[in-house]
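K.L.:
Next come the chains, spelled out residue by residue.
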Amino acid sequence: MRWLKSVGEWLDRRLQLGDVIRETALHRVPRKSASWWYVFGSASLTVFILQVVTGILLALVYVPSAGEAWNSLQTLNQNIALGWFIRALHGWGSNFMVALVLIHLVQVFLFGAYKYPREFTWVVGVFLLLMTLGMAFTGQVLRFDQDAYWGLGIGASIMSRTPLLGGWLVNLMLGGPIIAGATLSRFFALHVFVIPGMLIGLVGLHLLMVVKLGINEWPMPGRLVRRETYLKEYEELTHKDGVPFVPDAIWKDLIFAACILLAVAVCAVVFGPFGPTGQPDPTIIQTVPKPDFFFLWLYAALSLLPPQLETPFLLIAPVIGIALLLLVPFLSGQGEKSWRRRPIAVLTVLLLAVTLATLTKLATYTPWSPQMSAWSGAAVPAEYLQDRSPLERQGAVVFQEKQCRNCHALGGEGGQRGPALDAVATRLTEDQLIRQVLQGRGNMPAYGKNLSPPEVTALVSFLCTLHPAGQTPARDASLPAESSPKSNSAALAGP
Amino acid sequence: MSELNEISRRGALMKLGMLINAGIVALLGVPIVGYLLSPLRGKAAKSGAWVSLGPLSQFPEGQTRLAKFRNPFVSPSDGQTADIPCWVRHITGQGFQVFAVNCAHLGCPVRWFSQSGLFMCPCHGGVYYADGSRASGPPERGLFTYSHRIESDQLVIRAGELPTLAADAGTAEGGRKRCAG
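Listed in order, the protein sequences are those of chains A and B. Note that this note's numbering has the first sequence beginning at 1, numbered continuously upward. Note that this note's numbering has the second sequence beginning at 1, numbered continuously upward.
Wrong hints could be hidden among the right ones.
As the list claims (entries may be wrong) - Estimated spans, in silico, between C-beta atoms of each pair: (1) B:151 with A:315: 37 to 45 Å; (2) A:307 with B:50: 32 to 40 Å; (3) B:92 with A:382: 15 to 23 Å.
Hints listed in this document are in silico derivations from the structure and should not be mistaken for laboratory results. Computed from a prediction, not measured in an experiment: that's the story for all the values here. For every residue, glycine included, the Cβ atom is placed at its ideal position computed from N, Cα and C.
Given only the sequences and the hints, what does the whole structure look like? Please build it.
P.N.:
Rendered as structure tokens:
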């Protein structure tokens with residue numbers, strides 16, 4: 001034991017790190033801040049370290065070439081002992097890291113920890129969040145499969161909307177005029193060198209500021225932050241009611257970090273690695289590209305926004321959003337810290353959380369997308385065909401063959417792009433149905449050129465049968481009530 | 001006094017050193033920036049090139065078919081990404097339209113449904129008519145089209161660029177003008 005101590009002393013005389021480490025470990029933190037609420041930052045760091053380690057392990061096998069990347073992932077999944085597990089750890093680690101960084105941000109925001117004198121710690125934290133999202137996106141590209149290929153196409157399409165510079169930005173992003181080998185190479189450089197390098201530097205800065213400025217005290221309603229008095233008050237607090245960071249506070253960080261690592265490992269074992277999905281062959285167009293979980297909300301927003309709002313949303317909203325985040329500590333750098341007395345802060349968080357969760361939920365089943373195989377995969381339910389005339393049954397065939405089911409559900413099966421048609425006859429009269437089919441309206445294309453008059457007659461006569469038993473079909477109120485809705489069918493076949 | 005002089009001389013030398021370094025960094029910066037911006041100067045980025053989609057007989061009149069071509073500006077590491085699909089519509093006689101598969105909304109691959117005569121996009125629900133014009137959904141315009149011509153019984157298109165709203169060089173936008181209306 002004695003020689004170990006002397007080796008340690010020999011080293012410390014040369015490294016001169018002992019005092020720094022001791023000072024960091026023993027720096028006093030407010031007793032109440034040694035809380036389970038203050039563990040998310042250190043957990044994010046732990047997962048980041050996991051990502052670095054598993055990332056290096058993956059780089060031992062991964063080939064960053066558009067022609068080989070997909071095969072090398074298959075090799076990792078299938079041929080290399082536990083390669084699948086390392087991939088799964090890295091993939092789940094990425095999800096956990098984004099989640100933890102977001103939770104950390106929300107906690108810091110609600111606890112007012114960004115206020116004086118920690119404004120710049122928050123600013124660096126915002127950049128850490130952006131880089132974490134950057135890592136998530138570039139990592140998805142490195143999993144060079146169909147989703148990655150078309151995801152790049154979506155990225156390029158977004159870039160191309162920039163006025164004047166659009167073409168240049170697309171070329172810079174893709175490393176050329178089209179998605180190709182150069183594209184993957186530059187995303188590899190970003191994911192493996194550029195962003196991690198900046199992340200490591202900024203994490204160091206972030207931690208240094210946390211240690212130097214002291215951890216945020218537990219916010220008490222009514223205890224206001226004032227520039228003139230805060231530093232003195234904080235020093236008094238840590239001296240009167242403070243505890244050394246090691247071991248009084250760090251044990252919670254350690255236990256939580258261990259739980260998170262365990263959770264990542266369990267997810268990796270149980271759910272396995274992410275993809276890769278189909279090969280990155282652009283000629284295989286039978287694909288439904290989807291972004292990874294943390295970008296699903298964006299995918300949904302882009303489907304639901306009115307078209308004319310999309311470009312402003314894509315180009316202006318991120319700038320405003322990031323600027324607002326960066327400005328938070330300068331807009332409210334003093335005053336109340338406790339969330340109990342900051343209703344607008346709480347409501348903002350809730351509103352954003354509900355919005356993002358709703359959009360993400362919608363994006364998991366994409367009601368706005370046509371269901372491309374419904375016309376051939378989902379048969380018209382038998383009850384809609386019983387006791388129908390030959391014409392109406394012929395209409396059901398037209399209905400199926402013209403792919404109406406891709407957008408319209410019947411009996412709960414089919415696309416949700418347009419309204420379900422189980423009771424369409426109660427909403428539209430025969431004339432209105434004919435008009436809607438021929439001319440389209442709203443989101444529905446016009447089928448006038450693709451349907452012959454007999455097909456329209458058959459289709460509409462089938463649609464007119466779609467109403468619940470006991471509920472009468474819609475009728476034109478300007479006509480006498482006894483006029484049957486079928487009376488016009490004969491006229492239709494004429495033109 | 002002499003000490004002060006010495007410090008200012010050292011200070012001046014330090015400033016000189018910084019100046020020389022700044023100059024060298026600026027000099028090195030020019031080729032570095034030039035290297036980083038090289039994707040903007042490629043030949044492909046400017047004009048595209050003509051590639052054949054095969055003999056006309058592959059595209060029966062009145063039908064719309066998926067065709068594939070090899071990107072004219074291929075590099076050894078491109079792998080499968082150099083194989084590009086497009087939709088060829090043979091209207092009648094010498095009349096053709098060649099559409100990009102990339103949806104004009106955000107670039108997902110659109111699929112042709114011959115029975116309903118529509119192109120549908122699986123991502124955000126963009127729909128186009130057989131002539132490529134917008135039918136419904138989020139796209140603000142019709143499908144991108146490639147410029148095309150017929151050379152000794154072959155259908156030839158100008159390609160090489162990812163069709164996006166900003167692609168105004170020869171491929172997408174040029175084709176759009178030809179096929180407008």
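K.L.:
If a hint holds in the structure, say so; if it doesn't, say that too.
P.N.:
Verification of the hints:
As the Cβ distance of residue 151 of chain B to residue 315 of chain A is approximately 41 Å, the hint placing it in 37 to 45 Å holds. Hint check: residue 307 of chain A to residue 50 of chain B, Cβ distance near 33 Å, so the stated range 32 to 40 Å holds. A beta carbon spacing of about 42 Å between residue 92 of chain B and residue 382 of chain A contradicts the range 15 to 23 Å that was offered as a hint.
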